[in-house]
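Top to bottom, those sequences are chains A and B. All residue numbers for the first sequence refer to the numbering used here, where the first residue is 1 and numbers rise by one. All residue numbers for the second sequence refer to the numbering used here, where the first residue is 1 and numbers rise by one.
Derived from the structure by calculation, the hints contain no laboratory data. Cβ coordinates follow ideal geometry from the N, Cα and C atoms, glycine included. It is possible that part of the hints are untrue.
Said to hold, decoys possible - Computed footprint of chain B on chain A, listed as stretches where at least three residues anywhere in the stretch have a Cβ under 8 Å from a Cβ of chain B:
# : region
1 : 17-25
2 : 248-262
3 : 334-348
4 : 453-462
5 : 519-529
6 : 605-619
What the hints assert, rightly or not - Pairwise CB distance ranges, derived in the manner of DEER restraints:
#  : chain 1 : residue 1 : chain 2 : residue 2 : range
7  : A       : Ala605    : B       : Ile458    : 32 to 38 Å
8  : A       : Ala102    : B       : Leu464    : 34 to 40 Å
9  : A       : Leu109    : B       : Ser502    : 31 to 37 Å
10 : B       : Leu333    : A       : His534    : 27 to 33 Å
11 : A       : Glu464    : B       : Gln305    : 55 to 61 Å
12 : B       : Gln305    : A       : Ala353    : 38 to 44 Å
13 : A       : Leu109    : B       : Arg530    : 26 to 32 Å
14 : A       : Ser401    : B       : Ser502    : 40 to 46 Å
15 : A       : Lys579    : B       : Phe454    : 17 to 23 Å
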Amino acid sequence: MAEVIAKSKEHKYARQMQREQDENTRHLLDEDFDSIRGILFSQAPDRISPPPIPSTTAPSALNSVPVQKPATDKDYDAFVHELAMDRRAQPKDRTKTEEELALEEKEALELAEKKRLRRMMGMRESDDEDEGRGKRKRGGDDLDDDFLLDEDTLEGLGAGLAQPKDEDNDDDEDEEVDSGEDGPDSESGSDEEESEGDEEDYGPSDEGEEAEEGSVEALAPTQAKIKVKTKRSKEIPFTFPCPTTHDELLQILDGIDDSHFPTVIERIRKLHHPSLHPDNKTKLQALIGVLLDHALYVASGDSPSATILDTIASHTYSLTKTYPIPSAEFFVSKLNLMQKNLTRGLQNPLDEASKTFPGAPELVLLRILGATWSTSDMKHPVVSPAKYLMGAYLGLSRVRSMTDVVSGLYLCSLFMHYEQLSKRYVPEAINFLVQSLLLLVPSAYPNARKVPGYFPLPDFDLLESKLRIKPKKVGSLTPRAPKIFELLDQVTFSEQDKLDLFSMTLELLKWCAEMYKPLDGFIELYDPILQILHSIQSNCRSRLSDTTQSRLDAVVDHVSRLLKFARQARRPLFLQDHKPIPIATYIPKFDAHSSSYIRNHDPDAERAQLAKLKAQHRKEKKGAMRELRKDNRFLAGVQQERQEKKDQEYKARMAKAFAGLESERAEQRKEEKEKRRAKRRAGK
Amino acid sequence: MSRPTKKRKIQDSNAERTNNIQEIENSLQAAVSQGSSLNRLSDLLEIAEKNGEDPKVLHKALYALYRTFSLLISKNWFHSPQAPSEKAQIVRQWLFKRLDQYLGILFALLDHSEPLILDAAWQIPLSLLKQLSSSLSAATGRPQIHYRIFRQIVPAYITSDTALVRLKKLTNEYDDIRWFILREIPSLLSAHSSVPDNNVTEHVLELLENIDSMPSQKDDINEFYITELSKPPAGVKFNQKAQENSEDSDDDDDWSKFFDTQPAEETASAPERDGRASEFSTHKALFYVQSHRAQFSAAWLALMQHIKTSPERSNRVLSILHRSIMPHLTQPLQLVDWIGACVDFDGATALLAFNALFVLIQKHNLDYPDFYTRLYALLDANILHVRYRARFFRLLEVFLSSTHLPATLLASFLKRLARLSLSAPPPAIIMIIPFTYNILKRHPSLMPMIHRDFDPTIETDPFLAEEPSPLRTNAISSSLWELNSHRSHYAAPVSTLTQIFSEAFTKPSYMQEDFLDHTYGTLYTSETKRKITKEPALNIVASSNLFGPPEELSVSTDPCGLWA
């Protein structure tokens, strides 16, 4: 007994010791944890302690979490809960390997390309996104009222100059009056002039107030102030305010060397990262506009620095990526200004002073625009207007000087750049290239009417040989890449410059040929061009330097080869290859067999399934029963047959027996008869 | 002190001269009433002639003369019912000479800077004309205009810029003045045709353009400047009735026959006439609409001979031709020579001429065999780039709308338009596409132009682009490749619109009118005016080195890399 008691005591003591030890350990742990916790939450100040100063030191942790043992477990529980809810407590994806990263990048690019292709085709960006929003399909019950209003084909065409059509129907007569007022100047065909009276935007009423602000100077910020280039320190400050206007940017850049410009912009963007302050978002959005302004400002200067423009372009791109809509609005507002300038310039397209062909700032803007936005889209809120504007520049402006040719050629190359993926056809560019070709080099054509093809060459007859290369002087020169900004500033052009531009025209024509060779009408388009090139070739033979001559020959060869292939591949149009269209029927569907069409179509799929199963079950049951009945009937038949046979046998046996008996009976009766007869005889 | 004296001197001399004029006038008036010598008239005329630089004196002198002449007219010095004696005849001749001299002075003042003098120069001759006409009518017993004066007035007024403005108003106001002026125009034009560089043609054109009061029925002839003419002659009353009846049935035939010959004779003989020969018939003619029309036609036809070589003037006429000229011509077909000449011009003039020609063909049975060949020639490189292209398409639609036109002809037009579209601006292509669709829809025999099986035996395009006749271009055996190229046009509306050729032709037709009024400007604004809601797409990768020197790599992908 005593032993038992001793053991029990020992156990109890051991338990007590254990508990004490545990308690100690836990206490220690608690203590440790507190310090850990201090570290943990110091890194995530927004979780517990909102003050903005990062609290790496213990005191803040001590403040938030008491070092003493938590008075109650409630605190502890709350804390554990908090810990469990912490974002960092969640398991994370494992770090990806390089291959995986590469693959992901590739997939992202492919997806982007797929989306781009869809946009290029003019389809919606993704189907699931827009599904259900589209037009309802025409149903049988629809009335025919909307028959002619097939808006799909007119999509995006706009209303045109749609004047209110409340005049009476004597259109012809009204037309006649119009023309009387229009006057006879038929040659200077300019659309803008025509639209001028009709459209509010171009109306003469705005003219006055627009006159000051609407000029090109407004596009490129004013350069009026004298640049203070006194000292340019090598040191640049580390912090900058975020400029909200272009003037502020100029103040910041004052005294800073151009070479530091990329650093400055970099720093501005870092200092105003959107995660640092809620206001930074708007600041950075404004920065896009400021940067664009600066690009225009730089471009309108004497010799624009390519680095600065490139820096601006790349920053514009990345900022646009983050804020596409504000950026798009900036771009469109700039385009609007350009459009207004053009409209004004086109009132007098032949006047030397009017601004029709774009200058350096406009071209730089279009260049940045093309590098930023997806130019291959069929419809794009920024690129589409830009293209129309460029089309108007090329199509409506009149060439007056060499500068115009430079500007127009650059526009053509911009257009080629825009369409490099989508390969869309730009008639204006081809027209311009042909015209500048004819303006630059002597050809065999005395006037525009004699030029093959149907190119409008409004300036060919006017300028004649004013801009022409003099073959005698260029004999020894070789073409180089033309320098766009220098040429735009120039007033007098050397023969070398003209030669450069001629070679550029040739290159662009070749480029276009390559790009447009899939067009159906490629032959019709390039055949006259080839004729023109041939005429130039024969006209300038042995008068140009070898390099130039070989370039010309190369282009001619290339184009004639492409034309040959196109001729071989030519097929007549085959556009109406549709399935025959079924004649639409408006008779309701009618089931001859069961009139329970609607009843049998339960919209609830589950119930319908159940009903179907039940029906199947019933059918099966019926079948089985029928089988059984058939069997039974057969069995019964067999049994009956057997019975009948049995009965027959029995009947036969009975008949036989009866027959035997009857014959016996007959004999017996015969005997009795004999006996009676004998008796009678005896009795007698 | 010298200045005031000088001034006074001038004033003195002024006062002296005005007094002098007053005195002469008084003596003349006395002479008229007493029948004594009128020689002082020459003095007065001399004063008027010599004081051109002093408006006050001049004004005074002019009106003094006017009053004197008025008095002379009212006293029957110029015309009297009874035959004049020999002496009176001499006096009359002398007076007419003075009158001519007076008018000459007045006409020379027509462009004077002083408005009062101007008024005088304008009003006095007309007023004298009125008085002389009255006097002449009274003298002869027949209402008539004083033709002698009138023939002096008209050329003077027409050659003067200021008077022309008033003359236009007068012409529209009074039926008789218009009639006489119209009759005067052919001779006026032929008289001035030999003198180069005169403004007569221009002014006559301006005057004729401005006539908008041509009578269309009898009741419209109701305003007369010469009051004597306003009373219809005796014969007319009856004729009027008869004519009104016939007018309803066959207005043109009946009257054109009558006036085709007679007014022509009249105008032809007008220069030689002394103004008295057939005044009665003139008076009668004034009351017939047809005679007004005949004068109008003659005037226009004469003018057209003179503007044949000027596209600018022809343009002006053509643009009002079928609205305000053709309805008043006796025989619109007479215009055909002139219109035919206009068709040979370029651009807008030719287009307008086509319009007129078409009206003639349509309404007046003109036979013009080359119409469509000429029209086909009009489709040149510029037609889609000029301002009036929408107008051209409106007309082209009318010209080609007949379902009886041969398919080969229409095919040529479609093919040519397609060719032109290759270098056309987007708004023009937007016009061409529905236009082509409508024609294809109307003429299913043209469908092979967009849908044809490949035939390996045909190697080259059978279309003959240089062939001038639209009936021989073989366009119907070709395909509209050019038009289908716009499937990949840079302007989204154009490329979507081109799709209609590859879709089923279920739409009956497109409203051409909806597609005519587009320009670069409207296309641009329709793109920019809608608000950007969806995030626009960016380039997939940022491009670097946009403005730097060309690298070998960038040259292959970016045409702008060709520039340095």
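Next item on the list: Check each numbered hint against the structure and report the violated ones by number, ascending.
Entry: 1, 2, 6, 7, 8, 10, 11
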